[in-house]
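Chains as they are written, first to last, in the numbering used here: chain A, 1 to 407; chain B, 1001 to 1228.
None of these hints come from the bench; they were simulated from the model.
A few of these clues could be false.
Calculated pairs, SDA-like style, for lysine to any residue (alpha carbon to alpha carbon, straight line, at most 20 Å) [as the list claims (entries may be wrong)]:
(1) A:K406 - B:Q1091
(2) A:K406 - B:L1186
(3) A:K75 - A:A93
(4) A:K406 - B:P1118
(5) A:K75 - A:L261
(6) A:K406 - B:P1041
(7) A:K406 - B:S1204
(8) A:K406 - B:A1067
(9) A:K185 - A:A153
(10) A:K399 - B:S1172
(11) A:K75 - A:E257
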Amino acid sequence: MFNPFPVVIADYRRNRLLVGITLALVALAVAIGVAVIAQERALRQGSARAADDFDILVGAPGSPTQLVLTSVYLKLQAIPLVSGEVLARASNARGVRYAAPIAFGDNYQGYPIVGTIADFATRGGMLQPASGRIFASRGEAIVGAAVPLPIGATLHPEHGMHHDHDEEDGEHAHEHSLSYTVVGKLPPRHNIWDSAILVPVEDVWAIHELPSGHTPGSTQIGPPWDAGQLPGVPAIAVKPESVSAAYGLRGQLRTAESMALFPAEVLNDLYSTLGDVRDLMSLLAVATQVLVVVAVLMALLVGFLARARQFAVLRAIGASQHYVFVVIWLEVSLLVASGAAIGLALGYGASWLLMQWIAPRMGFAMPVSLGIEELRLAAALALSGVVIAILPALLSLRKPIAEGLKV
Amino acid sequence: MTHGSLHIQDLRFGFSGQTADLFHIPDLTLAPGSSLGIRGPSGAGKTTLLHCLAGIEPARGSIRWGASDLCQMDARTLTQWRQQHLGLVFQDFHLVEGLSALDNVLLPASFSAWRASPAQRVRATELLARVGIHTPQRHAELLSRGERQRVAVARALLFAPKVILADEPTASLDPENRELIGALLLELAQEHAATLIIVSHEESLLARLDACQTLRAGNLHPVEAAHV
């Protein structure tokens, strides 16, 4: 058994620059493809996971995308309110575990204050506070894991989208007289709701001088509601008792005055668009890969032809044809395969870094992982290198030793 | 029959596409351990003749090193023969840059084994010391021309071949190294009882060999000692 590695390593050592450039080009080509695929998947998985808490979303007729973005991802925008009657109907409909009003618009130092019911805060009992307890009366709040408020802290809500220190009492921010006391903290959900402050929806309505959903003077929070006292809300999160109930509820709540949707439906449309973009970018990435591989192989081929004399000398001093063939084949194959492996790591790293930057802006964690698709991409490139490397290796076999020595 | 004896019979070589042969050597015999110089004008075919004797260039007729007739061997057998019995020294050394002097000497061992044996490593180190290279780990590209040729000579001798062929081994060296390498080749060939054939223009080197022939007009012509 011969050992081609002394020559292979010596050639790499001697041609460091060419090796470096080749590795970088192949790695970059793979990294682009990997990053595109991994990011798209991370975005899809992250956004889908964030929407898990919203089985059915009910809002006033309008843009489903806007309703999902506003309520699921708390990308707060002014959206039309759905009437209190719809909330009452949803709350009393058969097959409903809970119908939670989602009322927003206030914030505390940029952390959105969301008025809702205890059932939603605990996701129907599935989510227990990490510390403290759930709100049980007006003026209490439970905060998400990322809100830097300790239990016992009090906060004054500000109305508006943003908190602006420069504005003393501008249109965008003004404080309300009501205050909340933090009574609990939720465990991390790795989405924008970690930054939310959940309070009884009755307090949010009170701040905006709306009826409380109960008979005047009542201090009750949460359902049952007094239908005549229910104000409109931006969105209602409905938790069905079963999958079959979910479809029935969605149909029931789709009326002239309300739309009901599964967030997944909206996300699917978004994913479809995202997928198209991904496909296009993947195509460009593959085209880049092909060009890079062709360029690299052409350069290597020219390099090998120029080194015909070296290989002839090896043959003259006793190396077999197989030895020289394997030297050339290994040199190309290892370069392309190593480049593909580095590209895989680079692509993953780039995706991870990019997601660290994007995730806070998107409002949900995006799990970056390497899937079979990326591995297949890198493997395809490595395999093509292994196959194409046969060409210069075969060419070396065809050249007689004496001819090579005369080069 | 020892591997170092050479018997050429009716050797003809012509480049493809040319009707006339470049050379025709009816008969040539060399005793094992002897040395022969070949000189001649440029283009006479000296290097090609050396390549034929090394089994690199296919020729017609018979080139018999011991019992092995190179003209009758297939490519695989020729490779094995070169590996086992031949040491080649080139004008331009042809060391593998990026490898140390020691690894260059050991390179032929990698053609048939994954790792050089301890005995081969010892021999390579001794050979390097013998040719005056005392920095065996130094990379080939960092050596002077004279040092590189000395490493090339050591590489040619790794398997103690019985045939050493050298093509203008001193042509690209300065006068001091020319003298040194020439003397070294002769000494080592004698030490190993190897048959040495040198193609050269250098009269002082040729004068030290047992015999010298001129390749001219397609034939080898003996040179009188006084004319070398």
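The hints, checked one at a time:
1. Proximity of A:K406 to B:Q1091 is assessed by CA-CA distance (about 12 Å); at most 20 Å being required, the pair is judged to hold.
2. Straight-line distance between C-alpha atoms of A:K406 and B:L1186 comes to about 26 Å, which puts the hinted pair past the 20 Å bound.
3. For the given pair, A:K75 sits about 29 Å from A:A93 by alpha-carbon distance, which is inconsistent with the 20 Å threshold.
4. A distance of roughly 35 Å separates the Cα atoms of A:K406 and B:P1118; the hinted pair therefore is violated under the 20 Å criterion.
5. For the hint pairing A:K75 with A:L261, the CA-to-CA distance comes to about 18 Å; that is within 20 Å, so the pair holds.
6. Simply put, A:K406 and B:P1041 have alpha-carbon atoms about 18 Å apart, close enough for the 20 Å limit, and the pair holds.
7. Only pairs whose Cα atoms come within 20 Å are accepted, and A:K406 paired with B:S1204 is rejected, the gap being roughly 27 Å.
8. For the hint pairing A:K406 with B:A1067, the CA-to-CA distance comes to about 30 Å; that exceeds 20 Å, so the pair is violated.
9. Between A:K185 and A:A153 the CA atoms are separated by roughly 11 Å; this keeps the pair inside 20 Å, and the hint holds.
10. Taking the CA atoms of A:K399 and B:S1172, the gap is about 26 Å. The hint is violated against a cut of 20 Å.
11. Of the pairs offered as hints, the one joining A:K75 and A:E257 is violated, with about 23 Å between alpha carbons and a cut-off of 20 Å exceeded.
In summary, the numbered hints that this structure violates are 2, 3, 4, 7, 8, 10, 11.
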